[in-house]
Amino acid sequence: MTLGLAVEAAGISKSYGGSAVLSGVNLKVEAGELFAMLGPSGSGKSTLLRILNLLEQPDNGEVTFGGSESVLRDGQRLRRRMTMLLQRSVMFRDTVFGNVAYGLRLRGMQEREIRDRALNALGDVGLQGFERRKASTLSGGEAQRVAFARAIAIEPEVLFLDEFTANLDPPNIKMLESALAAYRQKTGCTVVMVSHNPFQAQRLAKRCLFLYQGEVLGSGSIDDVRRLDDDRTAAFFRGDLI
Amino acid sequence: MSELDIAQVVALSLYVSITATVLTSLVGLPLGAFLALKRFRGSWLMRTGVYTLFALPSVVVGLVVYTMLSHSGPLGFLDWLWTPIGMVLAESVLIFPLVTGLTISAVSDVDESVRLTIKTLGASNRQLMMRVMHEARFGIFGAVMVGFGRAISEVGAVWMVGGNIKGSTQVITTAIMQQTQMGDFGTSFALAGILLIIAFVVFFVIREIQERD
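Chains A and B are the protein sequences, given in the same order. Mapping to our numbering: the first sequence position 195 is 195, numbers consecutive. Mapping to our numbering: the second sequence position 71 is 71, numbers consecutive.
Honestly, the hints are just simulated from the structure, not real lab data. Everything numeric in this text was worked out from a predicted model, so none of it was measured. Keep in mind that a hint or two might mislead.
Unchecked claim - The following label-pair restraints were derived from C-beta to C-beta distances:
#	chain 1	residue 1	chain 2	residue 2	range
1	B	N125	A	G140	24 to 32 Å
2	B	L14	A	S41	18 to 26 Å
3	B	D109	A	G140	17 to 25 Å
4	B	I197	A	G129	40 to 48 Å
Think of the CB as a built atom: it goes at the ideal place given N, C-alpha and C, for glycine as much as any other residue.
So that you can see chain B by itself, here it is in the shape it has in the complex (with noise of 0.2 Å):
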């Protein structure tokens, strides 16, 4: 692989894997909070279930996604099997569970005194979720830096669903997985080591945050 190849192969994996946490952020926050504050019928069961998909396969979703996006699928017609929005979608849905649970356990760690204390204030239901997330954010934001964790590190769906075609949906992992099955070690272990930089990169982030608190 040349150094242009590796670029491109490292773009890639940041492009689909900051979409898809931030798309799956935009509906998992959200989803997590009303789940960690609001008791319905059938509350205690949609926790559980987004717990035990902590445990989905990566090659259960991909086989799932790869289905529904194949021409004979419901999504066929999008004709997104091998894109990068499909890896997108097999990302994407790995991860709703992981950032939805820790949201989840993160708001729930609130002192139910600060949920008293925001509601004596005179917040509607609304303002009282954002001002919970808000007390809840170093949590929140662990739940979307493990998301894109698991996110970047994936390869089991992503190649599923992308095909590992080089130039067009090939990836860091898929790549890694390639090139090791060739024989060459060293652009391996450099995508490796690029992996984990970047890996580095996120984790360092969160703890600098999480000191400043």
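Chain A on its own, in the form it takes in the complex (with noise of 0.2 Å):
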């Protein structure tokens, strides 16, 4: 079992072009923890979670990994220990195998052990025997899931999820959950979780914080947020604010 690191952000603010997308930040995730950001669209959640998977870098600020890890000495080696899963999965021009053991061949596995890891995690997303296809012949929510198992094949410390269900019917996100909350157990993963679904966020998480464009106003446990005496959190709880 691989304990997930902790992530810790602290004074976090990004500009673009002159207008403030995040605005100082603050944010602290345990280890193992299942922890959602929500806010409507624009409130600037994606960019603080491609900063916190050292994508981006932040104007002003620091994101610090297991207490104290440092991004500037280890930003790379600490790339490799997190991964992110974005809204609109990408497949590689590539068999699903393919797809799947990128990551794996990234870090220099042997074969043997590519193809175990990748065919478990295909098996952890119910996608036995998909191993040969094309990954563009794939539908939207197959391919979601192909994006997943390559994600948990490379058994991140951390997993980001940038509204990893967001389009997809019932069955496919009932699916991508459960796989979720088998890897959490197996593994003891650190999760963080974007989303603009405050539904999603009740099922998963038991933290969040709420972004507004780009200010936190608000965060704790989900029933805490949900209950802040603030009309724009109670328009997002109620679905209004979107």
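Since each chain comes alone in its own frame, lean on the hints to assemble the complex.
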């Protein structure tokens, strides 16, 4: 069992072309926790996720992992201990197996281990027997499941999910949520999930933060955030603020 | 021209063109991918410069390479003028912008989300570039084949640098010109047919590979 890494961000700010996308965001995710970042479209959730995944640099602020691991000193090594699943899954021009095996090949693993891990990951998302299919022939739901298999095959200690079930039908959502629960149980991985769906957040996470126009309006348990004395948060949880 | 002469001319054409294409690809493919993926001061100017050189006239290339390789030129000590190596150099200079520029286009066409996905899986910068090139492989293969097509159909630069010496630096295109001037239209058409067959085979292979994608 690989225990997840704690993730902490302090004073994160980011601007694009002079307009602020994130303003002094603080965040603390415990090791092994599933944490949700909620907010309407354009609130800065995905930007924050990319900064936490070390894909973008903040203008100000600092991200630390496991309490002390330095992003500056060990950026590349740290990046290999985490991964992110995008809202719109991207399949490489390859077979399903080639897609799932890619992250493992980057890490220089032996072919036998690559095969075992890739086939197990495909089994975890209910896609046994798909390994030889061209990824370009998959449906949207199947492609997202392959992308999830590709992410968990490398056994990340932190998994970032960016609206990972958006636009999927209920059976695929159920399958991915089950696969996520099984992976967490097996590895103790930390998960940071972005969603504009409060119902999914309530289903999966115990704690969350609520972002609005780049600022944190509240954080804590889902119930605490839902009961904040704030019109925007209330509208979001009612489903009126998308 | 005897059949042996024609075979020799075809063989030299293939040798010079394939060698120029391989050498150009070794530099042009990674450079094209680098220019497509990296943004730095002057990168826009470099990309624009590469595209501008698409229109480089072959006689200008011939003139420049001839001047460089002539006895009084900076590379005169190599003694490559009137040799197949000099012709390889001229063709390489000619197709370099084409191969590099088409590689820039092919790599730039790879969606930003593909690059992001590669990064999320932990790729280093070098691994990112290799994977993006892999994703753009059909476009890149097309760039190489277009470069080869340009090289084997080249006449001006190879005439100026090679000198069209029978049995030594005569290639299909320069032989066609010479045979036509001599009034031997039969041989000219035969050589032209061989050139077209080579071009057909090259572009048939491109189409087949792209169809399989």
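Here is what the structure says about each hint:
no.	hint	result
1	N125(B) / G140(A): 24 to 32 Å	holds (31 Å)
2	L14(B) / S41(A): 18 to 26 Å	violated (58 Å)
3	D109(B) / G140(A): 17 to 25 Å	holds (22 Å)
4	I197(B) / G129(A): 40 to 48 Å	holds (45 Å)
Hint compliance for this structure: hint 2 alone is broken.
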